[in-house]
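Enquirer: Residue numbers (the numbering used here), protein chains in the order written: chain A, 1 to 323; chain B, 1 to 164.
By construction, these hints were calculated from the structure, which means they are not laboratory data. Since we're looking at a predicted model, the values are computed, not measured. Hints may contain errors.
[As the list claims (entries may be wrong)] Just so you have them, the derived chain A footprint on chain B, three or more residues with Cβ under 8 Å: (1) 7-18; (2) 65-72; (3) 122-133.
[To be verified] Here are the in silico distance ranges between beta carbons for each label pair: (4) B:44 / A:152: 35 to 45 Å; (5) A:245 / B:139: 48 to 58 Å; (6) B:124 / A:11: 47 to 57 Å; (7) A:198 / B:34: 38 to 48 Å; (8) B:9 / A:272: 30 to 40 Å; (9) A:262 / B:155: 51 to 61 Å; (10) B:125 / A:319: 39 to 49 Å; (11) B:55 / A:269: 29 to 39 Å; (12) A:152 / B:120: 49 to 59 Å; (13) A:178 / B:118: 18 to 28 Å; (14) A:57 / B:40: 48 to 58 Å; (15) A:152 / B:5: 47 to 57 Å.
A virtual CB, placed ideally from N, CA and C, is assigned to each residue, including glycine.
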Amino acid sequence: MKAFDYAVARNPAGLAAALKAGYTLQAGGIDLIDLLKTGVEPSDRIVSMAALDEYRQIEVTKDDLRIGALVTLQTLAEDESVRTHAPLVAAVAGSTASAQVRARATLGGNCLQRPRCGYFRSAAFMCLKKGGHQCFAWEGENALHSIFGGGPCRITHPSSLAPVLVALQATFQADNGSEATAYAADDFFRNTDQNLSQEHNLASDQWLTSVHIPLTAQQAGHVEIKPRAHYDWPEASCAAVRTAAGWRIVLGHVAPLPWRARQAEAWLGDRTLQDPAEAREAAALAVADAEPMRDNGYRVRLAQAAVRRALLQAGGHPAEGLT
Amino acid sequence: MNKVTRNWMINGTPHRVETPPLRRLLDVLREDLRLTGTKEGCGEGECGACTVMVDDEVVLACLLPAGQVPDGAEITTVEGLEKTPGGRLLQEAYAEKGAAQCGICIPGMIVSSYALLRRGPLQAPDAIRTAHAGNICRCTGYKKIIAAVEWAAERWPETVTPTE
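Same shape as in the complex, but just chain B:
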């Protein structure tokens, strides 16, 4: 079985990965790199629990072969969010609004939130709902999740400051 070598910037840290090219990005992240914040829900691209960012796009790590992520790609997982002011604001927002119930969907959910808000001011009235449509919450706690993202959107980016 052939392998590919990839140099990725994951959460701001350079990583060199050697893997069979059709291995799922999800498995490389969770098993090889022990970045277990990203969850596997359905494994079929239905639930969004495995949502990560590759460059500026949200993608499903369970449907993405590692070989299709190019050399030099920037990958952001939930672990990387706390290194950013926006990610920390979202953490605060999710906590403030009580947005997490069982929590399995939250790593993917909050990556979708982050990807949306970092694109700039919301353009459409239903932008938040649309951006999270691919993230399924088994506890059906969507209302507080939406409220958390609205809360963060109102404070983005002017009041965002590093807090540690």
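Looking at chain A on its own, in the form it has when it is part of the complex:
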């Protein structure tokens, strides 16, 4: 690895000053260190926020569950209040990556990690997202690329927690040292036609401080389909949550951002899925506008299965999804 200048922020003001000076933010470091090693992240000045313990808190209020951005996946999986008030979040955190990664990886880092596209991650390809002229996935190997969201860049969003948080209508809290900003779930992640260089809406001087999850879910289900049960990237996932306002069905790992299946949401309306057949109908609608490429057509069916199984789980018929 090349040499770096490394600073540790002792308070939010110090972090703000470092970011304004052009330092790159490090939380758990799981993704950043890889990006530095391959040169995809060109920064040679890193500021760690790991010492800011105020971002490791978990708090329950009467309206929501507030989780600090530096809470590790392992803590998310084990913490009683997360397991009680956001069981989907605890379950997903506990099944993501490996024990070694979960011990260091943070909630914020999981949501903000860079895409796993092989062209993006390889220093040999100057792809569109890195400032080049083309997205190689359109004509190249594209089994693991997007089936929703169009272009111009066909990454899939890598986070397992993000689709769950969007389904739960979480708000993403950010700060820049002088002003706090709350991003609504639907206004935090960005498609590649809105922003090519990053997958979220944070400004360069902002950092994520916490995620607030409203305690309004009445029914919820979540399914990830992975080649291997442990320590593998999902090829499709779905989080389905019903509140008094209706359903939110969010697909993961199939689009450049957590992808809402709005047709399926609209069709379900305020149904509570007493009839398992409704899940099949909604799942078909969820993938109706998929746009697969040469190698990833199979993931349309995986996404459809994920939606159906997540809805069946939410409806209290989990065994039906296995047929």
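Please arrange chain B on chain A, whose structure you already have, making use of the hints.
Expert: Then chain B, alone, in the frame of chain A:
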């Protein structure tokens, strides 16, 4: 290039380390301290060969900048396991079950085993498999590794006694 100074307890022995803060813990262990039991496999956090314990957590030494390991941390590498009754039981278990083939994954694998078993009785039926999911064996010898950890779990901790 700035350097940081850290005082760590490594395998029960105090060490004072001075290093550029973004140097990998793996390099500090292997190159500065000659603790070469910890292996580098992929160097990208995929394979788990570099697994060590920092305090009570298993971490990947190839992804952990030394500067992020706080002063006073307790670090346990494979070399430290034989100083503990549980580590010696695991050595015996891995040998008894023939769990090592080429062996490159074993230093990380056995640290994961140790970290799991020292947390107390296994809670979930697939706890052993889950705890080792981040350790890849290129010889695909998982069955005997799992059998070794089960063997050690059955004997942990009542029958564990210092053996030298």
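Enquirer: Would you mind marking each hint as holding or not holding in the structure?
Expert: Against the structure, the hints come out as follows:
no. : hint                      : verdict
1   : 7-18                      : violated (count 0)
2   : 65-72                     : holds (count 3)
3   : 122-133                   : holds (count 4)
4   : B:44 / A:152: 35 to 45 Å  : violated, 28 Å
5   : A:245 / B:139: 48 to 58 Å : holds, 53 Å
6   : B:124 / A:11: 47 to 57 Å  : violated, 40 Å
7   : A:198 / B:34: 38 to 48 Å  : holds, 42 Å
8   : B:9 / A:272: 30 to 40 Å   : violated, 56 Å
9   : A:262 / B:155: 51 to 61 Å : holds, 56 Å
10  : B:125 / A:319: 39 to 49 Å : violated, 19 Å
11  : B:55 / A:269: 29 to 39 Å  : violated, 50 Å
12  : A:152 / B:120: 49 to 59 Å : holds, 52 Å
13  : A:178 / B:118: 18 to 28 Å : violated, 45 Å
14  : A:57 / B:40: 48 to 58 Å   : violated, 36 Å
15  : A:152 / B:5: 47 to 57 Å   : holds, 48 Å
Of the numbered hints listed earlier, those contradicted by the structure are 1, 4, 6, 8, 10, 11, 13, 14.
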